[in-house]
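K.L.:
What follows is each chain in one-letter form.
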Amino acid sequence: MRAALALFAKDLRILRRSPLVALVLVGYPLVVSLLVAAALQSGERTPALAVVNLDAPGRTVQVGERRLSVDDYLARLDEEVDLRRLDADEAGRALDDGRVAAVLTIPEGFISDLQSGVRQPLLRLVTSARSPLEGEAISRRLQAAVFRFNQGLATGYVRQVLRLVDFISNGGSIGIFGRQGEVVGLRNSRVLIAETQDELRRSGRADLAARLDPLLVFIDETQANLDLARPAATAIASPIRLEVAEGAEGREPLSAFGVAGALLVSLALVGGLLGAAGIASEREEDTLTRLRRGLVALPLLVVEKIVVAALACTVIGGVLLAAVAVLTDLAVGRWALWPPALALAGLAFAAVGVLIGAAARDTRTALLATLMISLPLIFVGLVPDDAAAAVASLVPFGPAFRIFRDLLAEPRLDAALAGDMVALALMAALATTAAAVLLRRRGA
Amino acid sequence: MRRYRRGGIVRRAGGTLALDDVGLVLAAGEAVALLGPNGAGKTTLLRLLAGVDRPDAGEVRWTLAPAGAPAGGEDGGTRSRVGWVPQRPAVYGRLTVRENLRLFAGLEGCADAAGEAERLLARADLASWADRPAAELSTGTLQRLNLAVALAGGPAALLLDEPSATLSPDQRIRLWEWLGSLRAEEGLALVFSTQSVDEAARHADRVLVIARGRRAFEGRLEDLARARGGDAGPEAAERAFLALVEGSA
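So the sequences go chain by chain: A and B. Going letter by letter, the first sequence gives residues 1 to 444 in the numbering used here. Going letter by letter, the second sequence gives residues 1 to 249 in the numbering used here.
Treat the hints with caution; some may be incorrect.
[Stated by the list, open to error] A few chain A positions that, by computed beta-carbon distances, are all more than 10 Å from chain B:
1. A387
2. A388
3. A436
[Unchecked claim] Distance ranges between label pairs, derived from CB positions:
4. P19(A) x R174(B): 30 to 36 Å
5. D362(A) x G39(B): 19 to 25 Å
6. A429(A) x R54(B): 21 to 27 Å
7. A429(A) x S138(B): 43 to 49 Å
These are calculated hints, taken from the structure and not from any lab test. Cβ coordinates follow ideal geometry from the N, Cα and C atoms, glycine included.
Produce the entire structure from the sequences given, and follow the hints as far as they go.
P.N.:
Pasting the structure below:
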């Protein structure tokens with residue numbers, strides 16, 4: 001083990017001193033991540049939202065002095081999502097076909113409910129399971145839009161209520177059906193009643209004055225309660241509620257597919273090439289002749305090369321994911337599941353690379369063979385076809401791609417994900433064993 | 001005085017017999033030349049002796065014993081007592097001279113790998129190149145590093161595969177002077193392969209002639225020449241060697 005650790009440190013040192021290799025190892029995933037980010041920012045990634053307006057079009061709601069329109073807020077939303085105004089049937093078909101990622105329904109009577117304040121108006125959003133990431137993005141944006149709408153409504157409501165409170169307390173002019181009139185208000189009413197009581201008492205009709213006392217009590221209590229109305233009105237929060245539902249299951253989201261594909265290509269090539277080059281360079285430099293003399297057990301040497309390449313894969317995969325997380329608004333799933341996923345994929349790809357490197361005479365041959373073997377298998381792993389998937393499942397490319405895709409689309413550790421992880425571990429162990437046997441038989 | 005010995009071993013390469021029942025007895029401080037034409041099995045034998053390859057039959061067994069004593073005494077194993085000098089320098093080009101020595105000293109099991117590396121730097125006169133990458137060394141200096149690496153861990157015998165094949169005449173002279181001092185001062189035994197009868201005559205106490213994977217002759221070159229009816233001179237030895245090799249072909 002001490003020898004393997006010494007060789008591990010040596011390999012890391014050599015990697016650090018190989019600018020071209022470092023450039024490839026760092027630059028390649030960076031380029032891939034930029035391409036992925038660019039792809040995700042393209043038109044295909046602008047989520048499409050179908051809007052079904054079942055209420056009377058163009059209606060507005062008067063709240064206080066402000067006249068609010070649903071269309072105003074939808075127009076704002078149009079800057080962030082691709083809004084498509086469709087009828088209910090057409091929207092349903094568009095959701096099924098994957099042309100839109102979600103359907104927002106404005107129900108009949110929405111504006112009336114909003115105006116009356118008796119019933120909480122409801123917007124309904126149905127997102128597509130075919131495009132969960134886009135659906136999630138739309139859901140977040142709609143929630144933000146509804147929040148902004150609610151804020152506008154709430155501000156109007158509060159102002160209206162406070163004006164009414166002020167009017168009841170202090171009185172003032174009021175216009176009804178075109179006729180102007182004066183409202184006394186609670187404070188003035190109190191003054192009038194108090195003055196009336198004084199006059200009654202002075203005129204010796206104290207009993208009659210006492211009968212007005214309950215009115216004063218009522219005015220005082222009402223005034224006290226109205227004083228509390230201001231903070232209560234300010235606390236009004238969400239007049240509209242948004243209900244989000246998920247539609248039927250369908251195909252995978254394109255964005256998750258793209259990022260998973262980028263990860264697969266990146267890790268398969270880095271792990272494979274580094275693993276193959278690591279063991280082949282020992283033969284090319286003739287140092288394998290020394291190591292084979294018992295300086296290090298050959299299985300340990302194989303494991304050491306695999307670990308170096310897998311470590312590089314894990315780091316590069318992490319950088320790629322971080323780039324996706326920073327440069328795009330994609331959620332990359334549960335971070336805790338990524339290190340084991342990347343490490344397992346890296347181990348499996350590196351083991352395949354070391355196996356190829358153990359069979360090759362020199363580094364160039366090893367690299368060329370790794371590319372020639374890896375590229376078709378990567379392609380097979382990406383093709384959404386049952387036969388291709390079956391072939392890809394026999395090598396690490398299939399399980400690795402499924403793990404990446406699942407972690408991006410539905411980040412939870414279920415039986416399928418665990419099964420693919422176990423498959424990767426077994427493939428890594430098998431390739432490691434084969435590489436060690438081959439290295440022993442093949443000679444230095 | 002010590003003696004190193006191994007028994008008869010067999011090695012096949014791709015179904016062809018590469019080495020058949022070749023044995024060797026080696027005394028401490030002794031230099032033995034493996035002499036033979038291309039493809040005779042010299043490198044195969046050295047790699048088996050070094051432990052790089054495994055024999056298909058027989059076993060490589062190094063025995064450390066006082067001179068004159070029967071074989072089978074104290075068993076020294078192969079790793080710590082035998083240094084391996086492959087024909088092409090087997091070092092890491094991107095590591096410096098010092099780092100190569102330190103790494104291989106550690107792999108050889110030296111407790112103080114850094115100290116051993118410094119000792120070897122001085123011993124191989126490599127101190128001025130210590131911090132240069134091995135890939136930047138000249139052929140002669142690289143071969144010295146190759147040899148210094150083989151000395152890590154203090155072996156009692158060195159196995160050298162055509163050590164002077166790629167060297168210029170002056171580098172060759174320096175190499176043999178150094179090897180001579182190692183023999184004289186440290187009692188280091190040498191087994192080296194060569195195609196040059198002249199080199200074997202100059203630097204070996206005796207020769208093991210291998211032809212077609214078999215032992216064709218073992219002894220002193222003068223005896224080979226005399227056995228073939230010549231005198232003890234190098235030309236007669238070369239003629240005798242060629243006759244022996246062609247005769248076994």
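K.L.:
Do D362(A) and G39(B) keep their Cβ atoms within the hinted range of 19 to 25 Å?
P.N.:
holds (22 Å)
K.L.:
Can you tell me whether the CB distance of A429(A) to S138(B) sits inside 43 to 49 Å?
P.N.:
holds (45 Å)
K.L.:
Decide, holds or violated, for the assertion that all CB atoms of chain B are farther than 10 Å from the CB of A436(A).
P.N.:
holds (15 Å)
K.L.:
Determine whether the Cβ-Cβ distance between A429(A) and R54(B) falls within the hinted range of 21 to 27 Å.
P.N.:
The hinted range 21 to 27 Å holds for A429(A) and R54(B), with Cβ atoms some 25 Å apart.
K.L.:
Is it correct that the beta-carbon of A387(A) has no partner in chain B closer than or equal to 10 Å?
P.N.:
holds (39 Å)
K.L.:
Holds or violated: 30 to 36 Å for the Cβ distance of P19(A) and R174(B)?
P.N.:
Because 35 Å falls inside the window, the suggested range holds.
K.L.:
Over 10 Å from every CB of chain B: does A388(A) meet that, or does the non-interface label fail?
P.N.:
Holds, since 38 Å exceeds 10 Å.
Comparing the model with each earlier hint shows no violations; every hint is respected.
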